[in-house]
Amino acid sequence: MLSVLPRADELTIGADGAEVRRASEWLVAACRRREVPQAPVGRLELCLNEVLANIIAHGGRPARAAPIRLRFESGAGQDCSEASVTVSDAGKAFNPLSVPAQASPASLAEAAPGGLGLRVIRRCSDWLRYSHEEGRNHLTFGVRWDRP
Amino acid sequence: MSISYSDIGADLRRIVISGRLDIPGTDSVAAKLAELTAAPKKGVVVDLSSLRFLASIGVRALIASGKAVQQRGGKMVLVVSDSSTVMMSLRATGIDELIPVFGSLPDAERAAVA
Numbered sequence: 001m002l003s004v005l006p007r008a009d010e011l012t013i014g015a016d017g018a019e020v021r022r023a024s025e026w027l028v029a030a031c032r033r034r035e036v037p038q039a040p041v042g043r044l045e046l047c048l049n050e051v052l053a054n055i056i057a058h059g060g061r062p063a064r065a066a067p068i069r070l071r072f073e074s075g076a077g078q079d080c081s082e083a084s085v086t087v088s089d090a091g092k093a094f095n096p097l098s099v100p101a102q103a104s105p106a107s108l109a110e111a112a113p114g115g116l117g118l119r120v121i122r123r124c125s126d127w128l129r130y131s132h133e134e135g136r137n138h139l140t141f142g143v144r145w146d147r148p
Numbered sequence: 149m150s151i152s153y154s155d156i157g158a159d160l161r162r163i164v165i166s167g168r169l170d171i172p173g174t175d176s177v178a179a180k181l182a183e184l185t186a187a188p189k190k191g192v193v194v195d196l197s198s199l200r201f202l203a204s205i206g207v208r209a210l211i212a213s214g215k216a217v218q219q220r221g222g223k224m225v226l227v228v229s230d231s232s233t234v235m236m237s238l239r240a241t242g243i244d245e246l247i248p249v250f251g252s253l254p255d256a257e258r259a260a261v262a
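Chain order of the listed sequences is A and B.
Numbered by our numbering, the letters in the first sequence go through residues 1 to 148 in order.
Numbered by our numbering, the letters in the second sequence go through residues 149 to 262 in order.
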């Protein structure tokens, strides 16, 4: 339970690769302002890139036609701090929590190009939340870290 | 974003990638990486020690190159700082268990031609 109310930053971007980089820069700057340590910033940035890449690749025309909304929040509890990003897009409904985790390939020859992004999101976040409301996907990923 | 290479003798090629392997970064170097790793060298070292960010699209480019090298009987290895966010990406995707990763260039070069 967070004892300090979370503060939020928001950004709206288009669905293309250059905008993903702009979103990364926005996130890193927001984390710096809130003094989020480097390791959780890196995890959040990776998750954000993968979520946005999935939207661009698989969200279809509606995802590319409508703006993607980003919301960054951070707050502190008694023992730990946390930060999260919510990504809202108008693409095809897709709940990443419903996708079974794939087994890791045993060799380079077996390695498939698909599924890496979801694996990164799962491994780099501490929690995930998904909803589909008013025609938009809302995916939130968060990280926690111990307070010094 | 930059990619460069040097050949060390007949058997070894060192490829250096710096910048960010996110969507635009990977788009700008993926074809060159594939071309450079297609050379008939026994060993290929891909030096990522100056890379600042690695998304899964960049990991896919590394997998494709590693497979190509392996299919012609060669070996591709990576150089990555152990504490970097790039190493975090490799661990998160599990690719660090499929493509050998070294913290130092000399160790990587020895392993690539062993």
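Treat the hints as calculated values from the structure; they're not laboratory data.
As the structure is a prediction and not an experimental result, all values here were calculated from the model.
Using N, Cα and C, we set each Cβ at its ideal position, and we do this for glycine too.
Among the clues, some could well be false.
Said to hold, decoys possible - Pair ranges (Cβ atoms, derived):
| # | chain 1 | residue 1 | chain 2 | residue 2 | range |
| --- | --- | --- | --- | --- | --- |
| 1 | B | ARG200 | A | ARG7 | 24 to 30 Å |
| 2 | B | SER231 | A | THR12 | 46 to 52 Å |
| 3 | A | ALA39 | B | GLY251 | 52 to 58 Å |
Unchecked claim - Derived, one-sided and incomplete: chain A residues facing chain B with beta-carbon distance under 7 Å:
| # | residue |
| --- | --- |
| 4 | PRO40 |
| 5 | ASN49 |
| 6 | ALA65 |
| 7 | ALA111 |
| 8 | PRO113 |
Okay, the hints, checked on the actual structure:
A beta carbon spacing of about 27 Å between B/ARG200 and A/ARG7 agrees with the range 24 to 30 Å that was offered as a hint. Between B/SER231 and A/THR12 the beta carbon distance is about 34 Å. The supplied range of 46 to 52 Å is therefore violated. As the Cβ distance of A/ALA39 to B/GLY251 is approximately 18 Å, the hint placing it in 52 to 58 Å is violated. Against a cut-off of 7 Å between C-beta atoms, the interface hint on A/PRO40 is violated, since the closest Cβ of chain B lies about 11 Å away.
Of the supplied interface hints, the one on A/ASN49 holds, with its beta-carbon coming within about 4 Å of a beta-carbon of chain B, less than 7 Å. Evaluation of the A/ALA65 hint against chain B yields a violated restraint, the C-beta minimum of about 18 Å exceeding 7 Å. Contact between A/ALA111 and chain B, as hinted, is supported at the beta carbon level, the nearest pair being about 5 Å apart and thus within 7 Å. Hint on A/PRO113 holds. Least Cβ distance to chain B is approximately 5 Å, under the 7 Å limit.
Hint compliance for this structure: hints 2, 3, 4 and 6 are broken, all remaining hints hold.
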